Amino acid sequence: MHQLISLSLIILGLPMLSFLIIIFNQKRLQKSAHLIGLPILGTALVLAIYICYSKLSGIPGTLDWTTKWISFGNVPGVGEWNIMTGVMIDNITAIMLVVVTLISFLVHLFSSKYMEGDIRYARYFAYLGIFTFSMLGIVLGNNLFALYIFWELVGFSSYALISHWYEKPGPQLASKKAFIVNRVGDVGMWTGLMLVFGTFHTFNFTDIFAAIQRGLPPNFSFLGLPPEATLTAAGVLIFCGAVGKSAQFPLHVWLPDAMEGPTPVSALIHAATMVAAGVYLVCRIFPMLTGDAMLVIAIVGGFTSFLAASIALTANDIKKVLAYSTISQLGYMIMALGVGAFSAGFFHLTTHAMFKACLFLGSGSVIHAMHHSLHHLHDHHTDPQDMRNMGGLLKKMPITGYTFIIATLAISGIPLMSGFMSKDEILAGATAYGSLQGGIASVLPYVGFGVAMMTAFYMWRLVFMTFFGKPKNAEIYEHIHESPKAMVIPLIVLAGLSFWIWYGANPIDPANGWFMKKWAETPKQITPITSAPNFHIPEYISSVIPPNATDEEKTRLTTEFREEREYQEVLEAKTHDVAGMGMIISILCAITGIALAWFMYLKNTALPDKIAKTFAPLYRFSLNKWYIDEFYEFAFVGSFMLFARMCAWFDTHIVDGAVNGVGKATIVFSKIGGWFDKYIVDGLVNLTAGATQIIGLGFRSVQTGKIQTYLAWTLAGVVIVFAIIAWKL
Amino acid sequence: MTVGLNHFLVIGAILFVLGIFAMLYRRNVIAVLMGVELILNAANINFIAFSRYGGVNISGQMAAIFVIVIAAGEAAVALAIVLNIYKNFKSVNPSEVDSLRD
Amino acid sequence: MFDIIFYIFGAITIGGAFVTVFAKDIVYAAFALLFTFFGIAGLFVMANADFLAVTQLLVYVGGILILLLFGVMLTSRIGTVDIRVSSGSKWAAGILAIGLFGILMAAFFGTAATHTEKDKAGKSKEVFSWASHSTPPWMNSQWNKNATDEVLKTKFGAPDEKKTNEGSSGTAVEIGKLFLTDFLLPFEVISVLILVSLIGATMIARKEPTPEEEAIAESVS
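The listed protein sequences derive, respectively, from chains A, B and C. Everything in the first sequence is counted per this note's numbering, starting at 1 for the first residue and increasing by one. Everything in the second sequence is counted per this note's numbering, starting at 730 for the first residue and increasing by one. Everything in the third sequence is counted per this note's numbering, starting at 832 for the first residue and increasing by one.
Check each hint, because a few of them may be wrong.
To be verified - Just the calculated beta-carbon pair ranges, DEER-fashion:
| # | chain 1 | residue 1 | chain 2 | residue 2 | range |
| --- | --- | --- | --- | --- | --- |
| 1 | A | A723 | C | L1015 | 35 to 43 Å |
| 2 | A | K678 | C | A938 | 36 to 44 Å |
| 3 | A | T692 | C | A938 | 36 to 44 Å |
These aren't lab readings, by the way, just hints derived from the structure by calculation. Predicted model only: the values in this text are computed from it and were never measured. The C-beta atom is built at its ideal place from N, Cα and C for all residues, glycine as well.
So here's chain A without its partners, still in its complex pose (with noise of 0.2 Å):
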């Protein structure tokens, strides 16, 4: 096993560790459990560390480690059948690690201020410990059965970390849809699973590729369909896994309910790393999906980024606007991967932890000073998370005002922030998809401008709203003070991240940077050239085709273009054609979005009343989420409760039914039974003593006292006893 494997392991056990200590000492370490949370975690950011300087500075290639894990013997029909399982280290895996245990320790750091004097302070940090150990065993794993595993683990942590203050109705309700809309997913996801592995007998990532690579069995199918469609439905299947857990539409709706959690929770969770998840996933299985596969995948992630972006436009509280900004930002990752952009799509993902991380640390510190002012003022009834009843608050709190100033500086795509170098690149990635790929695909870079100008507009108005102009309430704003130094000092370092210069030197040309160029390489795809996305490509077949070539020649020459799958490199010239527009035309975006809030929030804050009251449809539409809560709440829940209704009706009155009809059948049993006792077994019996009775009367009106009567009964006696010897009667 290479030390660096052995070393994973290690940052994998020791958040369990911090589980497994604080879980049983609860009581103990009511105030203290953070003691033990934050030098475990520290412990295991400084392997991670070391491990990704090891791993991206000197070893190429992956590192693996397999091992049997479930052993079935001989299997008649297969062999010798194992099911193995191992650690993988790649080069998204060290930078994953270095992702998670960073964020989770300054979480840990800001959460022993943010939850001090909490009821169930241990509790909180003894699933913090879990839903590492979970991610990182999500990130670590080389095979998808033991993804699954944590994946399913993670959503465990998540609804337990959401429902913390588990008194309140709330977070009860959240953290269940939280958890059932991501099984949901994980049902596809399941299933695509199981497709794999039902052909190609093992979950391995590599051997599954190598697999598909030599060729797909003509049993590969999926409902009948033929290997092609059903690689492209598998894809699709594992792709739905990502849809839960990484809030796209349709399964996104659990993700803005899910901030009932603690703040630095969901800053965590629900925007650094759990929702990453599903990126990560998509970004494993990158090599296996074919062109139509692709195409679903980026329309996916490019609807959800308009969707949510539309949503965030209208939301009056501080963690909603995040949620949605985060619900956007992942589908811009998906549609980067959809497009093919994979080193874009990974870039984004790790820059959007660190900003995202830190305007939701910064969004908790904001919350943290307003619920000590309202509680100094005996004010239990304002909403606390309501940006309009902030305002002017960076005088008061300039640290967190300016980290989170420059956080979203990176959200909005402005130079030399890192957000902007990603974005630009998920951009440029969509826009010569578009061109490319054609039919609804050309409208993905309309989408992703669209969504960046939206992405500026609505993080300059949270922060006009919050930070900038006049305190919306003179009282609460008295109160207001910085945060203490644990909780500033995670929004420091992670804002610190959000610049350019860790990930390339030039902060406008992301691509020839080391982060896209060295570490996140895009893999190539291995899919058959027959399901390759279909690109245009008559510009660049023009470049390999001689001018005066015959009919014939061209056709010959395309299809060895094609077949030497050059459509990916084709795709990276022409992304790398269109950056410069691009880049611009996104800084105009952001420029226009910023100014527009600034002018609407700050210059003229009558305006977004007006605007609201003029197209009251629209911003009624945008206000209540699109109304998917409510149709979900129609249309599944609905049905449900319908069918629960009526096995609760069948229960009632059929199964119930048939109990009591038994028992009112045994009544009239019994009741006709008694009446049977009563008249004719009783009658009998009473019949036997009348007839006894009858007799007697008549016997005794022999005994008369009358001689003439003994007399007259003696002779007949006489007569019949003649009458019998003479005719022998």
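Dock chains B and C against the given chain A, drawing on the hints supplied.
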């Protein structure tokens, strides 16, 4: 047809039946006693008939004599009883002498 | 001739019996009984039972009938009406009586037994057992075929054939002889019975002595 045994027997039977009827039917104990006498006489006729036509030579008449004697003794005692009954029950209706009833 | 007289006496008997049974007035019944007894006596005579006929008259008519009449007179009340019974009882008695009669008739006419008998000429002939004879066998001046006759024969010798039965001597002689030989015990018993019944009847019918009469009886004895 020549008078034979059967004629006597029939007369005896008629008397006997009439005596039975009187015993069962009459509402005066004296009449009941008359019935008893009729019965005894019918038996006598029977004895005599068989003595004359049957094979019992003269023993039949002997029996008849004894019957007459017994009838006389029985009539005396019966009348004594009847007088006693009359004295106690103030009635000679046998239906009213039913103290043996429960 | 014999038959006609028989029928006359029969009619008297049966007619008298009917009146006895069905007469409303008890005195009429008693007098009808008298006629019945007379008729029976006549029948006895027809059956060669002369002594018995006279005894019948003496005892029945002269004794029992008088007794019955005394009884009637002593127990009658002026105005006592013989209350008829309900028809049900009449029919029951009637049916019983007729049933009995039927049985008797069946017995009489159903048992016509025959036996072979040697004729005087020595020829065997089938005769009815109880067919009428002009004369009873023992009237044919044959000794009764019983042991007593044999004893008498040895004691007194064979009866004088000439002296006997020039015409009937009547049955009295025979009855007398039998009373003291074959039927001696019953004779004595009968006399005791008469004595007892005499005493008994007297005892039963006596008047209860009043206390003063009892005191007198006590002082006398």
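Hint by hint, which ones does the structure fall short of?
-> Failing hint: just 2.
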